[in-house]
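Colleague: Listed here are the chains, written in short residue letters.
2 protein chains.
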Amino acid sequence: MKSIKIFAPATVANLSCGFDVLGCCLDNVGDEMVISITADPGVKITKIEGANLPMETHKNVAGVAVEAFLKAYGENIGVAIEIYKKIKAGSGIGSSAASSSGAVWAVNHLLGNPFTTHELVKFAMEGEKLASGNAHADNVAPALLGGFTLVRSYDPLDIIKLHSPEDLVMTVIHPQIEVKTSDSRSVIKHKVTLKKAIHQWGNLGGFVAGLFTEDYDLIGRSLDDVIIEPLRSILIPEFNNVKNAAIAKGALGSGISGSGPSIFALSKGMKVANDVATAIQDIYEKTGIDFDIHISKINSKGIKIIEETEYRK
Amino acid sequence: MKSIKIFAPATVANLSCGFDVLGCCLDNVGDEMVISITADPGVKITKIEGANLPMETHKNVAGVAVEAFLKAYGENIGVAIEIYKKIKAGSGIGSSAASSSGAVWAVNHLLGNPFTTHELVKFAMEGEKLASGNAHADNVAPALLGGFTLVRSYDPLDIIKLHSPEDLVMTVIHPQIEVKTSDSRSVIKHKVTLKKAIHQWGNLGGFVAGLFTEDYDLIGRSLDDVIIEPLRSILIPEFNNVKNAAIAKGALGSGISGSGPSIFALSKGMKVANDVATAIQDIYEKTGIDFDIHISKINSKGIKIIEETEYRK
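Going line by line, the protein sequences match chains A and B. Sequential numbering from 1 applies to the first sequence in full-length UniProt numbering. Sequential numbering from 1 applies to the second sequence in full-length UniProt numbering.
FYI, nobody ran anything at the bench for these hints, they're computed from the structure. Where is the CB? At the ideal position from N, CA and C, for every residue including glycine. Warning: the hint list may mix true and false statements.
Residues from chain B that face chain A, not an exhaustive set, calculated with beta carbons under 7 Å [said to hold, decoys possible]:
hint	residue
1	Asp20
2	Val21
3	Gly50
4	Ala51
5	Leu53
6	Gly90
7	Leu157
8	Leu162
9	Ser164
10	Val187
11	Lys191
12	Val192
13	Ile198
14	Gln200
15	Leu204
16	Phe212
Derived pair list, reagent style DSS-like, types lysine-lysine, alpha-carbon separation capped at 30 Å [what the hints assert, rightly or not]:
hint	chain 1	residue 1	chain 2	residue 2
17	A	Lys129	B	Lys286
18	B	Lys297	A	Lys189
19	A	Lys195	B	Lys195
20	A	Lys196	B	Lys5
21	B	Lys301	B	Lys85
22	A	Lys195	B	Lys249
23	A	Lys196	B	Lys191
24	A	Lys195	B	Lys271
25	A	Lys195	B	Lys161
26	A	Lys85	A	Lys5
27	B	Lys180	A	Lys189
28	A	Lys161	B	Lys195
29	A	Lys161	B	Lys297
30	B	Lys85	A	Lys161
31	A	Lys195	B	Lys85
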């Protein structure tokens, strides 16, 4: 039995000016998974630790993602999936995307990479569809490809890996409150003014240019979302205080991670990212709301192999 | 008397997915200007050839741009401006921007560059304000800086020079019809759907990434404007036929230059750009509408010195 143990990273999507298109991959926040090729055909979830998630394959995001993979692969082989969940569900840092991406990446690896990593995105998106009703790619793309990714288009699916400057560090605070998906969706308006849309695409262009030229200052100036953040941030306690404190401590910019409630701050260098963490921790400690804080470099690789066993019985 | 003769390039602005923010600079289409520092204080337009434009300084885009420059410079020196106009007014390839950009660049050069080229943009924008009532930067920025430029923000003004891959060639057809500014403005809607806005900024991100990675295919896939082009193209005869013919001949993409009526097609390599020119010429010859066709590499320098005379009397 071929088996692999992997690290499946958390991700920050809907990154400020890049709503619905831009995401990035974290380095030290993520799940562990053990994926094995077994003798019995069919996909089985054999173990889940750290979260109360469905063991039934068709109800589990990793299960449906691997089933989509195998359908395209054309052979009904046996796959066993163990999930050691560390990313909390509903945190806004791509918990479901880590599971579905990790599972398809591992199976692809164990089978000798019949698909490119880019091609795996559409299989992992089936997991997102199960999780949220919407086959979005902005978490699975960075989880699989690493670094910063751009979903240029869904039809046809076109994912672009962007350059990731070495010194960028994310500080993410996850307030342990529930923001209902229905609420975070309902506050978004169907129409926007052309003026704001132009402002937004100017900033997205600036952000992408900043990544490629490693112009940290430009990256910071471009982290400005005039469309979604003003609407969704009202659902997140202390959002403005956290954002202002992060920027006061030297962060390049700050915004909502995914559809919240997590808030990210992007900084140049670990020292600033640590200072930012201390400042936002101070704010949240006064609220009485439980929270986690993560400080992570950008993971430019995506999924990582922890251990590989050729013929484990 | 110090004097300089310059080439002031034409530009393609509102470049497809980059409406209001993205422009590029042409290499062999442009005006010539002779700018001199004179003994008599004050800005004078001393000669205009090739167009019927105002000789009064405050009514001439080059005149007001230089006056804005001198106001910031703080000395009321004498400047004489000769304009040899080759870019037709109302063509949609930055005729006024060439004059205002060329004039301020030349005066800055003659005075030993007291301002950076980036700083000149705001002076040249005064010329655009006179020409169109709107101090836009998307033509003057590429005319001054060369290559592809992004207007990330107007307040504060933030112009980003992007990378310009060597093999890009523009084919531009200028149908000699008048499209009234009021018409090209009135067809634009004040509000857009969020879905289309996301599509647009995904493409702008892809275009910028394509420039930096020299991925010509990605540049082509990203040249897709779902917001402005469908509305404004109805004002331009044969727009869809020209666009389709250009792409059929191998162009990476095609769209409206500025607010029209010119149509651009961007190609990889001179051979394709020539084939595109032939194909769209065939279409326009059947219409009975007079037209010019330009084929030009991207000018990554901007304004160019033709001749410099230290002490011409």
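Colleague: Work down the list of hints and note, for each, if the structure agrees.
Modeller: These are the hints, each one checked on the structure:
A distance limit of 7 Å between C-beta atoms decides the matter here; for B:Asp20 the minimum to chain A is near 5 Å, and the interface restraint holds. With 7 Å as the threshold, the beta carbon of B:Val21 comes within range of chain A, its nearest partner Cβ sitting at about 4 Å, so the hint holds. This hint is violated: B:Gly50 has a C-beta 34 Å from the nearest C-beta of chain A, more than the 7 Å allowed. At about 31 Å, the closest approach between the beta carbon of B:Ala51 and any beta carbon in chain A exceeds 7 Å, and the interface hint on this residue is violated.
The beta carbon of B:Leu53 is not positioned within 7 Å of any beta carbon in chain A (closest approach about 30 Å), and the interface hint is therefore violated. About 23 Å separates the beta-carbon of B:Gly90 from the nearest beta-carbon of chain A, more than 7 Å, and the hint is not met. Taken as an interface hint, B:Leu157 does not check out: its beta carbon lies about 11 Å from the nearest beta carbon of chain A, beyond 7 Å. Evaluation of the B:Leu162 hint against chain A yields a held restraint, the C-beta minimum of about 6 Å falling below 7 Å.
The beta carbon of B:Ser164 is not positioned within 7 Å of any beta carbon in chain A (closest approach about 12 Å), and the interface hint is therefore violated. Because the smallest distance between the Cβ of B:Val187 and any Cβ of chain A comes to about 12 Å, over 7 Å, the interface hint for this residue is violated. Taking 7 Å as the C-beta contact cut-off toward chain A, the hint placing B:Lys191 at the interface holds, the least distance being around 5 Å. Checking B:Val192 against chain A by beta carbon gives a least distance of about 5 Å; that is within 7 Å, so the hint holds.
Hint status for B:Ile198 relative to chain A: holds, with the closest Cβ pair at about 5 Å, below 7 Å. Interface restraint check: B:Gln200 against chain A, minimum CB-CB distance 6 Å, threshold 7 Å, status holds. Among the interface hints, the one on B:Leu204 holds; its C-beta lies about 5 Å from the nearest C-beta in chain A, closer than the 7 Å criterion. The criterion of a C-beta within 7 Å of any C-beta in chain A is met by B:Phe212, whose closest approach is roughly 4 Å, and the hint holds.
In summary, the hint linking A:Lys129 to B:Lys286 is not supported, as the alpha carbons are separated by about 51 Å, beyond the 30 Å threshold. As the CA atoms of B:Lys297 and A:Lys189 are separated by approximately 42 Å, the hinted pair breaks the 30 Å bound. Proposed proximity of A:Lys195 and B:Lys195 is supported: the alpha carbons are some 15 Å apart, at most 30 Å. A threshold of 30 Å between alpha carbons decides the hint, and for A:Lys196 with B:Lys5 the separation of about 41 Å lies outside it, so the pair is violated.
A C-alpha spacing of about 20 Å is found between B:Lys301 and B:Lys85, which places the hinted pair at or below 30 Å, so the restraint holds. Note on A:Lys195 and B:Lys249: the hinted pairing is violated, with a Cα-Cα distance of about 35 Å set against a maximum of 30 Å. Restraint check: the Cα-Cα separation between A:Lys196 and B:Lys191 comes to about 9 Å, which is no more than 30 Å; the hinted pair holds. Straight-line distance between C-alpha atoms of A:Lys195 and B:Lys271 comes to about 39 Å, which puts the hinted pair past the 30 Å bound.
Between A:Lys195 and B:Lys161 the alpha-carbon distance is near 22 Å, which keeps this suggested pair within the 30 Å criterion. Of the pairs offered as hints, the one joining A:Lys85 and A:Lys5 holds, with about 13 Å between alpha carbons and a cut-off of 30 Å not exceeded. Between B:Lys180 and A:Lys189 the alpha-carbon distance is near 33 Å, which puts this suggested pair outside the 30 Å criterion. Taking the CA atoms of A:Lys161 and B:Lys195, the gap is about 22 Å. The hint holds against a cut of 30 Å.
Straight-line distance between C-alpha atoms of A:Lys161 and B:Lys297 comes to about 28 Å, which keeps the hinted pair within the 30 Å bound. Proposed proximity of B:Lys85 and A:Lys161 is contradicted: the alpha carbons are some 44 Å apart, above 30 Å. Between the alpha carbons of A:Lys195 and B:Lys85 the distance comes to roughly 33 Å, so the proposed pair goes past 30 Å and is violated.
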